[in-house]
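Sequences listed follow chains Y and H, in order. Residue numbering for the first sequence follows my numbering, starting at 1 and increasing by one per position. Residue numbering for the second sequence follows my numbering, starting at 1 and increasing by one per position.
I should point out that these hints are in silico values taken from the structure, not numbers from a laboratory. All values reported here derive from a predicted model rather than from experimental measurement. Glycine included, each C-beta is placed from N, C-alpha and C at the ideal position. Please note that the accuracy of each hint is not assured.
Capping the alpha-carbon separation at 27 Å, the derived lysine-lysine pairs in DSSO-like fashion look like this [to be verified]:
(1) Y:Lys66 <-> Y:Lys41
(2) Y:Lys95 <-> H:Lys94
(3) H:Lys45 <-> Y:Lys66
(4) Y:Lys9 <-> Y:Lys92
(5) H:Lys45 <-> Y:Lys41
Far from chain Y, by Cβ distances over 12 Å, these chain H residues were calculated [what the hints assert, rightly or not]:
(6) Val58
(7) Cys61
(8) Thr87
(9) Asn117
(10) Tyr124
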Amino acid sequence: MQMNKAKQKDILICNITGDIDINSSPEVRKTFGELTKTEEKKIIINLKNVSYIDSSGLATLVEILKKTKNYGGKLRLTNLADKVKGLFEITKLEKIFEIYETAEEAMANF
Amino acid sequence: MSSHLGEISGVIDNIIKLLTSSGADKQVSFDVRLCLEEALINAIKHGNKNNKELPIIVNYCMLKDKFWVSVQDSGEGFDHKKIPDPTGKENLLKTSGRGVYLIKYLMDEVLFNKKGNKITMTKYLKAPKFKGRRETPCR
């Protein structure tokens, strides 16, 4: 699993590549823990290159969402693969996350 | 296998190879990978309490039209019916409790033994064509 970050204006875009599972979740949690400490207000997580996510990965994203909301920030997810999107639907997490088809759409009215 | 999270990927890789060579499609492989991983993590963390001395017994069988796998730990077991529904409004922001729910949803049949320390999961090789919530026979 790899992550890279880029800032466009006041929006932080995080691209994740690889699986988000029991092995990689701690690293994702640590990286976003640092970002939430600096209270980034607008965060987009691009999951275009994530083809697999397990319950620990889902839990990690929920944790990031909660931290972001706690300081008044916003978090959006983009480019979910069909199987990953399916898990958000099954677990009803689509109700608490803002999910967009593309990063451009997510940035448009942020 | 031993109760070591690092051993999970090796077990799953072997099973996915078997599924692929048996003609399982990607959706089936994805579901089995996810559910087996969830079951193994539960067995190691909650069943055997991360005690590496305690074994996890994994049995699996490939049949003509379906695959089944069982995961048994050495723990006291649990009552799967008492796990709160993670899709309930009050539970959506919780950071645990989705593993067993995903297993019940994604596998075609799920059985627990009476003690609650063994789960047996069955998946048919051809993914169902309907997309609605399946009623999983779960005892």
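Tested hints:
1. Y:Lys66 <-> Y:Lys41: holds, 13 Å
2. Y:Lys95 <-> H:Lys94: holds, 13 Å
3. H:Lys45 <-> Y:Lys66: holds, 24 Å
4. Y:Lys9 <-> Y:Lys92: Violated: lysine 9 of chain Y and lysine 92 of chain Y sit about 32 Å apart, past 27 Å.
5. H:Lys45 <-> Y:Lys41: violated, 35 Å
6. Val58: holds, 16 Å
7. Cys61: holds, 24 Å
8. Thr87: violated, 4 Å
9. Asn117: holds, 19 Å
10. Tyr124: Given that every Cβ of chain Y is farther than 12 Å from that of tyrosine 124 of chain H, nearest at about 17 Å, it holds.
The structure fails to meet hints 4, 5 and 8 from the earlier list, while all remaining hints are met.
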